[in-house]
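Modelling step: build the complete structure from the supplied sequences, incorporating the hints.
Number of protein chains: 2
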Amino acid sequence: MAPTPSARPLPNLLLVSLVPIAAWFVVRPLLDPPPPLPVLFASVGFSIFAFLAALYLIPALGPRFIQANLKGKDLLKVYTDPIPESQGLVCASIYILLLILFIPFPFSDTVGSLSESRKTLQSVASLHHELSIYLSSLLSLLMATILGFLDDVFDIRWRHKLPIPVIAAIPMLMVYYAEGGNTHVVVPIPLRPLLGVLVNLGPLYYLYMSLLSTFTTNSINILAGINGSEVSQAVIIAISVILNDLLYLPWPMDFKIPLHLLGSQAEVEVGGPWHAGMSYGSSELVDRHLFSLYFMLPLLGVCLGFMYHNWYPARAFPGDTLCYVTGMAFSVVGIQGHFSKTLLLFFLPQIFNFILSCPQLFGLVPCPRHRVPRFDPDTNLLHPSKAKLNDKPPSKLTNFVLRLLSTLGLTDLTVDPENGRILEATNLTILNFLLVRFGPMTEKRLVQVLMATQVAGSVVAFAVRYGLAGLVYDGDRR
Amino acid sequence: MAPTPSARPLPNLLLVSLVPIAAWFVVRPLLDPPPPLPVLFASVGFSIFAFLAALYLIPALGPRFIQANLKGKDLLKVYTDPIPESQGLVCASIYILLLILFIPFPFSDTVGSLSESRKTLQSVASLHHELSIYLSSLLSLLMATILGFLDDVFDIRWRHKLPIPVIAAIPMLMVYYAEGGNTHVVVPIPLRPLLGVLVNLGPLYYLYMSLLSTFTTNSINILAGINGSEVSQAVIIAISVILNDLLYLPWPMDFKIPLHLLGSQAEVEVGGPWHAGMSYGSSELVDRHLFSLYFMLPLLGVCLGFMYHNWYPARAFPGDTLCYVTGMAFSVVGIQGHFSKTLLLFFLPQIFNFILSCPQLFGLVPCPRHRVPRFDPDTNLLHPSKAKLNDKPPSKLTNFVLRLLSTLGLTDLTVDPENGRILEATNLTILNFLLVRFGPMTEKRLVQVLMATQVAGSVVAFAVRYGLAGLVYDGDRR
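If you're matching them up, the sequences are chains F and R in order. Going by numbering that gives the first Met the number 0, the first sequence opens with residue 0, and the numbers climb by one from there. Going by numbering that gives the first Met the number 0, the second sequence opens with residue 0, and the numbers climb by one from there.
Treat the hints with care, since some could be wrong.
DSS-like cross-link-like pairs, simulated, lysine-lysine; straight-line CA separation at most 30 Å [claimed, not checked]:
1) K70(R) <-> K160(F)
2) K387(F) <-> K160(F)
3) K72(F) <-> K70(R)
4) K385(F) <-> K395(F)
5) K340(R) <-> K387(R)
6) K391(F) <-> K160(F)
7) K160(R) <-> K391(R)
8) K70(R) <-> K70(F)
9) K70(F) <-> K391(F)
10) K385(R) <-> K70(R)
11) K160(R) <-> K72(R)
12) K443(F) <-> K70(F)
13) K385(F) <-> K443(F)
14) K70(F) <-> K443(R)
15) K385(R) <-> K70(F)
Just so you know, the hints here were simulated from the structure itself, not pulled from any lab data.
Right, here's the structure in full:
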């Protein structure tokens, strides 16, 4: 018997005790003597507040959402009670508002001792420059929020909405352009005899940046449909980016990463004015990854708060808004932090899901409106959902693609026993693939398997980035 | 017989001919020799595009709005067909997107010759600074859009929504703070013996800026209810601000404003590197008013396009979104251009309406949900609408206020002939006041009278600003 959706209880006493902790983190940078990375302290404090705000506001605003007709029926449950939809809007609002309130910490001399210590590393002009970058990122996030919410309200057909994130990326691109942004990329070692060390992509670089934001946004959006799937992807990718950022911070203790175990040629050197793990004493790298942390930490906070209510059985739905804003946040840090290739490595399950989806996205295989797994109310288990092909015989190409995917174990085909014609194929998504491989399972189990896949993807990503990448890239990271 | 709402026809041939004109304005700054104020040319081009985009997109998107339940019934018509509501969202989207695409013109060296000529006047660092200001203004406009649209979707009670614009002002305030913004104000001459020439308001300055945005936003929003009332206010205020800005530009011809006719002591001097009417050769003043023009010109364009469809009988409603975004745009230029006092002068009818509304806003007099004039379907005329007081005898204060307003001719009272008790009062808005003074009239006539009032207000504003202000302020405008 599935539980009915009533608001999830909150451990109030425990949570309220987080308030003074968060407040301490926010206030600490203002006290003497300043901690080593004062602004990061404030960011941690803001992130805890983001978590608490999401945790409390999501259920509090639920009834208002239902009243405004922003509600959905959970397709994979026996009950039909309306669940508030598009609550990613609450997450996005908290997230962006906190990022705005955060502005004085990195960009004013309030955190006096901070700016003293920074002034030795970078000039005031570059602080102005960084503020522009920060603001253009906020504009892109805010546009992603609006566009996601409009998508929810106007229910835009997904084929039409694929290019929408490009619009949200425009502010970032415009400021990148106005500020004379670098459009050179470092060439992998094997290609250097042909192209040189650096190649100027020019306008192609802007195309690349737009495509990146389209990909990060849509890839989270199409890996949706079961309770917690969207937000859990965002949480694991955010944690991966945060772990990667932490490698570049100036830690008080010297540490070395045993890269030789991963097969890398280059050993990490520690030294310079900053004792950084991977920054090789470059304050620019440290700044880039601090910038990334300022965006990722509160995103993680807000997503964890939302996840509590979106976890099986969900009491709140994210809507497209959450996917848009989280996807855009990842693009922002990847682009502004200049680690977009590393970022893409954290999207391995999404890339797999996207490639697997292509035959349906591009019309080779019929694509029903919903490709979520099929729910069996008797057993409470999810089964792979199927796309019917039996209105007309499939083309040769469709036939070939489906038989290839079936051979690779990526789809299950239902074949007419008489003439061998393909009648049905399981929908080409990672969720259905997991059900095809591991058999029917409960929704909760499926999201856990999905999360495990995402974590495994990140482990592979780190191995590739810090192991194999040494074969094709040296330390040159302009 | 009132016409039924079918889409208003567009003079396509005439309009399409505007496209090459707009394109010429956008491209002209890139050609040699550059015009005197190249970026202003581009801004004019963008504004024509804004006008055309609003003109075509408003009717095109109408059905989608109705489908998404964003629709309203026109309360002052005999027909009940649904009219698309919240289409200010379309205006806001066009407006902000064009402002974003405009970024490279003032802030990059694309407009090469421009930046050459500017570099002599201001350093690159101050260009970075201006970009931050511009971006923070965009953030505030975008937040106003979201908040206005949320207000439309969630239908927030207006008493709760009064403080909402403060949230939208936060990005502007934060960047003002982070950039070490000036919080000094120039003291009027009569108070200088007490306070000195400049007084530092400190945090009060931020309070003032938040209140300004609350006022500009809400004052347009509460002067609503008849076809074209919101947008016509925005159009006339925008034109007034533009005219005021033009006074400060470096014109090729020398001109003097006959201020002595208005009673001002100071005569305008023309000279310096810029032949500016009112800028006294100060490039900072020129820059401020250029900044204002970049925001006001496309706002005017988009509002004129919308007005065409919102004009009596309206085929499109603005929703709160239009009021929020136009109000915030006025605050942005007033604050960032440092002419907030002048700006407020252009809000005379709104200030009058607000003061008149106070007894109802603050509960002295009962306030019905809608205070729009009453429509008489037989005569097609509007009459003042009334608030009933007869559930309990009015308090002494209410009695006094209403009798005072009645003596001043600002309201009509219905009095019990037996005991002299006030039974009803016409609602305390400028619209009802105009009907009380000039008698019942058609809706179209009423909006025309309202527009005439707004124009008269702006004429008074200019007289006060450039005439009387000379008595209390000298040229010192820090």
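How the hints compare with the structure:
Taking the CA atoms of K70(R) and K160(F), the gap is near 23 Å; set against the 30 Å cutoff, the hint holds. Note on K387(F) and K160(F): the hinted pairing holds, with a Cα-Cα distance of about 25 Å set against a maximum of 30 Å. About 24 Å separates the Cα atoms of K72(F) and K70(R), which keeps this hinted pair within 30 Å; it holds. A C-alpha spacing of about 20 Å is found between K385(F) and K395(F), which places the hinted pair at or below 30 Å, so the restraint holds.
Only pairs whose Cα atoms come within 30 Å are accepted, and K340(R) paired with K387(R) is rejected, the gap being roughly 38 Å. Between the alpha carbons of K391(F) and K160(F) the distance comes to roughly 28 Å, so the proposed pair stays at or under 30 Å and holds. Note on K160(R) and K391(R): the hinted pairing holds, with a Cα-Cα distance of about 29 Å set against a maximum of 30 Å. A C-alpha spacing of about 19 Å is found between K70(R) and K70(F), which places the hinted pair at or below 30 Å, so the restraint holds.
For the hint linking K70(F) to K391(F), the alpha-carbon distance of about 37 Å lies beyond 30 Å, and the restraint is violated. For the suggested pair K385(R) and K70(R), the alpha carbons sit about 26 Å apart, so the restraint of at most 30 Å is met. Proximity of K160(R) to K72(R) is assessed by CA-CA distance (about 22 Å); at most 30 Å being required, the pair is judged to hold. Annotation: proposed proximity of K443(F) to K70(F) holds, straight-line Cα distance about 21 Å (limit 30 Å).
The suggested pairing of K385(F) with K443(F) holds, with an alpha-carbon distance near 21 Å, which does not exceed 30 Å. Restraint check for K70(F) and K443(R): the C-alpha separation of about 40 Å exceeds 30 Å, so the hint is violated. Taking the CA atoms of K385(R) and K70(F), the gap is about 38 Å. The hint is violated against a cut of 30 Å.
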